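Asks: The primary structure of each chain is shown beneath.
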Amino acid sequence: GQQVMQIPQYQHVQEGEDFTTYCNSSTTLSNIQWYKQRPGGHPVFLIQLVKSGEVKKQKRLTFQFGEAKKNSSLHITATQTTDVGTYFCAGSNSGYALNFGKGTSLLVTP
Amino acid sequence: NAGVTQTPKFRILKIGQSMTLQCTQDMNHNYMYWYRQDPGMGLKLIYYSVGAGITDKGEVPNGYNVSRSTTEDFPLRLELAAPSQTSVYFCASSYEAGGRDTQYFGPGTRLTVL
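In the order they appear, the protein sequences are chains F and A. Going by this note's numbering, the residue at position 16 of the first sequence is 17; the numbering climbs one at a time, nothing skipped. Going by this note's numbering, the residue at position 61 of the second sequence is 62; the numbering climbs one at a time, nothing skipped.
By construction, these hints were calculated from the structure, which means they are not laboratory data. Some hints could be false.
Result set (EDC-like, lysine to aspartate or glutamate): computed pairs, CA atoms no more than 20 Å apart in a straight line [as the list claims (entries may be wrong)]:
id	chain 1	residue 1	chain 2	residue 2
1	F	LYS58	A	ASP102
2	A	LYS45	A	GLU60
3	F	LYS57	F	ASP84
4	F	LYS103	A	ASP39
5	F	LYS60	F	GLU16
6	F	LYS37	A	ASP102
If you want the footprint, here are the derived chain A segments under chain F, 3+ residues with CB under 8 Å [what the hints assert, rightly or not]:
id	stretch
7	45-57
8	106-113
Since we're looking at a predicted model, the values are computed, not measured. The beta-carbon is built from N, C-alpha and C at its ideal position, and this holds for glycine as well.
Please model the complete structure; the sequences and the hints are all you need to start from.
Replies: The structure is reproduced here in structure tokens:
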């Protein structure tokens with residue numbers, strides 16, 4: 002079945018540093034979604050990418066979908082303490098289900 | 002709108018006990034999902050439903066059952082609790098099929114089986 006791998010598992014940065022998490026699928030995806038989960042909270046939708054090579058920005062967050070639609074990345078510029086949490090990618094093959102990666106836990110030290 | 006609500010928030014069960022995790026959404030979403038999340042792991046799909054009366058298995062359905070008698074409610078039943086079912090359970094819903102649409106998650110139920 003479809004596997005979605007995410008790296009790194011953990012990242013600890015100083016506030017102001019940049020952060021990137023990568024997501025790779027074993028199969029071509031129809032779309033990919035990104036979610037953020039704060040400690041003790043529930044996943045919250047950030048964005049969906051659909052087109053090959055798509056790049057979307059949300060303030061300091063930049064999301065990319067690879068040309069082959071098998072990989073994606075999330076880049077945060079100048080991290081803040083409010084960025085702390087676990088970031089999940091979730092891929093779909095147009096089915097009912099999303100396949101979630103294991104997530105990247107981000108810790109930001111002031 | 003309350004969105005997706007789940008009860009209880011926390012529960013401790015003894016091995017062999019049964020319980021039902023409740024999930025309700027007020028967004029008139031057709032699609033609903035149950036996930037479990039173990040420490041350091043992503044979310045694994047247990048069951049999903051594409052509408053009232055229609056349910057199907059996800060990746061890890063063993064030990065669980067679901068029903069969907071109304072659009073709003075999607076309870077998850079654990080019949081004979083085992084320590085391996087210690088986890089955080091999230092219910093989610095979406096307007097369109099989960100692969101193509103935003104999933105809205107409930108706050109979760111933290112279950113411990115001793």
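Asks: If a hint holds in the structure, say so; if it does not, say that too.
Replies: Now for the hints, and whether the structure bears them out:
1. F/LYS58 / A/ASP102: Holds, at about 19 Å.
2. A/LYS45 / A/GLU60: Satisfied, since the Cα-Cα distance of roughly 7 Å is no more than 20 Å.
3. F/LYS57 / F/ASP84: Cα-Cα ~18 Å, so holds.
4. F/LYS103 / A/ASP39: 10 Å, holds
5. F/LYS60 / F/GLU16: 16 Å, holds
6. F/LYS37 / A/ASP102: 16 Å, holds
7. 45-57: That given contact holds, which follows from 5 residues of the stretch 45-57 of chain A lying within Cβ reach (below 8 Å) of chain F.
8. 106-113: Three-residue rule met by the stretch 106-113 of chain A, so holds; n is 4.
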